[in-house]
Amino acid sequence: MAALQRLGQSSLSTSASSYVSCKAGEMAVLDQFPAGLRVLVVDDDLTCLKILEQMLRRCLYNVTTCSQAAVALNLLRTKKGCFDVVLSDVHMPDMDGYKLLEQVGLEMDLPVIMMSADARVCAVMKGIRHGACDYLIKPIREEELKNIWQHVVRRKRNEIKELEHSGSLEDNDRHKRGSDDVEYASSVNEGTEGTLKTQRKRSNAKEDDVDLENDDPSMAKKPRVVWSVELHQQFVSAVNQLGIDKAIPKRILELMNVPGLTRENVASHLQKFRLYLKRLSGVAQQGGIVSAFCGPVDTNVKLSSIGRFDIQALAASGQIAPETLAALHAELLGRPTGNLVTAMEEPALLQASLQGPKCIPAEHGVAFGQPVVKCQPNISKHFPQSIMFVDDASPMFGAWPSNGLGTVAPGSNLVGLNPQNNNMLTDILHQQQQRQQQHQKPQQQSALSESSRSINVQPSCLVVPSRSSANFQAGNSPVDQNYSYNRSAVIDYSLLSSQSNNSSLNVGQISGGDLKTTGVLSGYSGPGSISPSASSCSVSAEHNTSQQVQNSTLTFRAARQVPGLVPNVADIQGSYRAKSGEVLDQGPLRNLGFVGKGTRIPSQLAVDEYELPMNNLNHGKIYLTFSQNRLALLGEL
Amino acid sequence: MDAVTQLQRQLVDYTNSLFHEGFLDEQFNQLQQLQDESNPDFVVEVVSLFFQDSERLLNELAKILEQQNIDFKKVDAHVHQLKGSSSSIGAQRVQRVCIAFRNSCEEKNIEGCQKCLQHVKHEYTLVKNKLETLFKLEQQVLASGGTIPMY
Chain A
9 MAALQRLGQS
19 SLSTSASSYV
29 SCKAGEMAVL
39 DQFPAGLRVL
49 VVDDDLTCLK
59 ILEQMLRRCL
69 YNVTTCSQAA
79 VALNLLRTKK
89 GCFDVVLSDV
99 HMPDMDGYKL
109 LEQVGLEMDL
119 PVIMMSADAR
129 VCAVMKGIRH
139 GACDYLIKPI
149 REEELKNIWQ
159 HVVRRKRNEI
169 KELEHSGSLE
179 DNDRHKRGSD
189 DVEYASSVNE
199 GTEGTLKTQR
209 KRSNAKEDDV
219 DLENDDPSMA
229 KKPRVVWSVE
239 LHQQFVSAVN
249 QLGIDKAIPK
259 RILELMNVPG
269 LTRENVASHL
279 QKFRLYLKRL
289 SGVAQQGGIV
299 SAFCGPVDTN
309 VKLSSIGRFD
319 IQALAASGQI
329 APETLAALHA
339 ELLGRPTGNL
349 VTAMEEPALL
359 QASLQGPKCI
369 PAEHGVAFGQ
379 PVVKCQPNIS
389 KHFPQSIMFV
399 DDASPMFGAW
409 PSNGLGTVAP
419 GSNLVGLNPQ
429 NNNMLTDILH
439 QQQQRQQQHQ
449 KPQQQSALSE
459 SSRSINVQPS
469 CLVVPSRSSA
479 NFQAGNSPVD
489 QNYSYNRSAV
499 IDYSLLSSQS
509 NNSSLNVGQI
519 SGGDLKTTGV
529 LSGYSGPGSI
539 SPSASSCSVS
549 AEHNTSQQVQ
559 NSTLTFRAAR
569 QVPGLVPNVA
579 DIQGSYRAKS
589 GEVLDQGPLR
599 NLGFVGKGTR
609 IPSQLAVDEY
619 ELPMNNLNHG
629 KIYLTFSQNR
639 LALLGEL
Chain B
11 MDAVTQLQRQ
21 LVDYTNSLFH
31 EGFLDEQFNQ
41 LQQLQDESNP
51 DFVVEVVSLF
61 FQDSERLLNE
71 LAKILEQQNI
81 DFKKVDAHVH
91 QLKGSSSSIG
101 AQRVQRVCIA
111 FRNSCEEKNI
121 EGCQKCLQHV
131 KHEYTLVKNK
141 LETLFKLEQQ
151 VLASGGTIPM
161 Y
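Chains A and B, in that order, are what the protein sequence lines are. Here the first sequence is numbered in my numbering, starting from 9 and rising by one per residue. Here the second sequence is numbered in my numbering, starting from 11 and rising by one per residue.
Treat the hints with caution; some may be incorrect.
To be verified - When the alpha-carbon atoms are kept at most 27 angstroms apart in a straight line, the in silico DSSO-like pairs for lysine-lysine are as follows: (1) A/87 <-> A/164; (2) B/146 <-> A/107; (3) A/107 <-> B/83.
Note that these hints are calculated values from the structure, not bench results. Everything numeric in this text was worked out from a predicted model, so none of it was measured.
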């Protein structure tokens, strides 16, 4: 009897609970959430592996262990989507943990946590640079593992954001991303500045949102037009032709003459474009504030800030069009990254974008796609001075080969690198170049350069004379390789400088901030970081440079990565490209990633890449160098 | 009954001494806490793995250090691994010597490396004996019908 009664009770309670099932179900999922998390652990140390396995089991995770990195990679490849997070040792005989990390970053979108008994800052930094979402120092305690699910959630959240982001107007997401990224920023050297920027960013973003929504509430539902770099350039040149005040969608549409494009498409794009310009001008007016602004926030923000600077310079110089173009590229094309990229026709970009839904990588990919080619050739060729520098620099280039560039000859190394990128990009660029060529005065020294020149509008816009000197010195001190680059970079500035002296002065006050911003813009980084040490004057130049730099940077990286891949490079260019693009996005990328987030870290990271051991010691100088490197690259190219 | 209690006390004392003398650290407690019904021999299994692995590494190290051209990178890699695994089971003293070992290695100090190798071998042997004794005591407690006291 008792048993029966109990039965009855239990069934009752069951049914009762089923009433609430809807909510209860959800809650249950949440309650259990970290349980069942699929974790792949890779460690050649069986002792550690076993302990980790048990610890992870205790956390109720679903654990798969693997004692060889290569096997793990295979597992990840063949069972895509079967893991939520990867825990990997750093030192493994068959494959360096960083390599695995990089590979995972390239091929799949999985959070990877590195583990090592090596607690040195440079080791941790390397992990971050390669894209580790966390770095645990052995011995690892269970409590540390209880928390790893957060990386999975964070990653997912970012993905969702990006999706939303792509689905609607990019502006909406800026502030969100910005706030997320601030964490990173603050952890590094940023702190208050970061917050400030974020706040500023936010209010900005809100205004934008309101505007956009009022103007065109239904936009998100319409079939999306992918504003490829090319399309955007057509748009910009149409706007430039009409004049921004007189540019109306209908006229722009006529000028663009693109089949399938509707007036609405153009209208909404124009709206974004105008907002972008507005932001730029806003910044210009608030020179003092700029630094706070630019800093670490989002990629987008940074981009815009760069754009702003450019604008200043342009205003000063009177040539708005080219820079606007560049700025727009960065801003408009860069952000929507995920979508834009995917849609893009250019294979290289496509590949880069294919990697994943992540915005950040995509952005980079996009941005770099075009700019790379453009910037480099222009600088070096146009300017006699730069050439001189180049000579100096050439010895430095020697260093490059060591990085993996090997093939490339000193003076021409950069060029050599470009070709790879260029080839891919070339087709795309050609059209653009042709359009832009008007702006440029092509001097054909190298075949490669030709392609790139066309795009280069930016260089001419920015001029910062004073800066160059500062750079030089800074450059000399720390990094050799960089140094050489720096020189060339410097040169660029000086050449450019004539136009924008005024702007540079303004910038001067802000310089610290600005530079940083630049760095971000360049995304790739370095540039931003450089700023602190650099003199204020140079800032404006930097901005300009930075955009160019972006391109160059990309190239650079691609080249850099090559080393690892090198054996194949020659044949594979096409495929490699994709990789390089990807790599850029993620691996070193991490730099990129950081950049996207707006943190200054990127620059640091970038620096690290170049100079293996020095990492943090000379931040200031290193930054400079780094950026200069990019610059140099540009110059060289 | 008394015998069991006595054994248990002995076990506790011995365990405590290992901690006091610095052979083991908190990480070993972690290990013990990881052992449960689903994995009743966990600690012994892990420690045996550690023994196997360490012996392999120590042999490798001895071989490398005998060579004329010492591959310090390899030395460092091995020592690093030993450091990782010893720290993971809480073999604190082994871990400490590994740190010194790595320093010598970084300085490419051959003599220092050889000294460290001897030192680490020594520490390893010590902790191995201690742990084996500990496990034996545990076995005795279990064999006499007692349970392993938790710390």
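Given the hint that residue 87 of chain A pairs with residue 164 of chain A, does the C-alpha gap stay at or below 27 angstroms?
It holds: about 19 angstroms lies between the C-alpha atoms, which stays within 27 angstroms.
Are residue 146 of chain B and residue 107 of chain A close enough, with their CA atoms no more than 27 angstroms apart?
At roughly 43 angstroms apart (the allowed maximum being 27 angstroms), residue 107 of chain A and residue 146 of chain B break the hint.
Given hint residue 83 of chain B paired with residue 107 of chain A - CA-CA distance at most 27 angstroms
Since the Cα atoms of residue 107 of chain A and residue 83 of chain B sit roughly 18 angstroms apart, the hinted pair holds (cutoff 27 angstroms).
Going down the numbered hints, you'll see the structure goes against just number 2.
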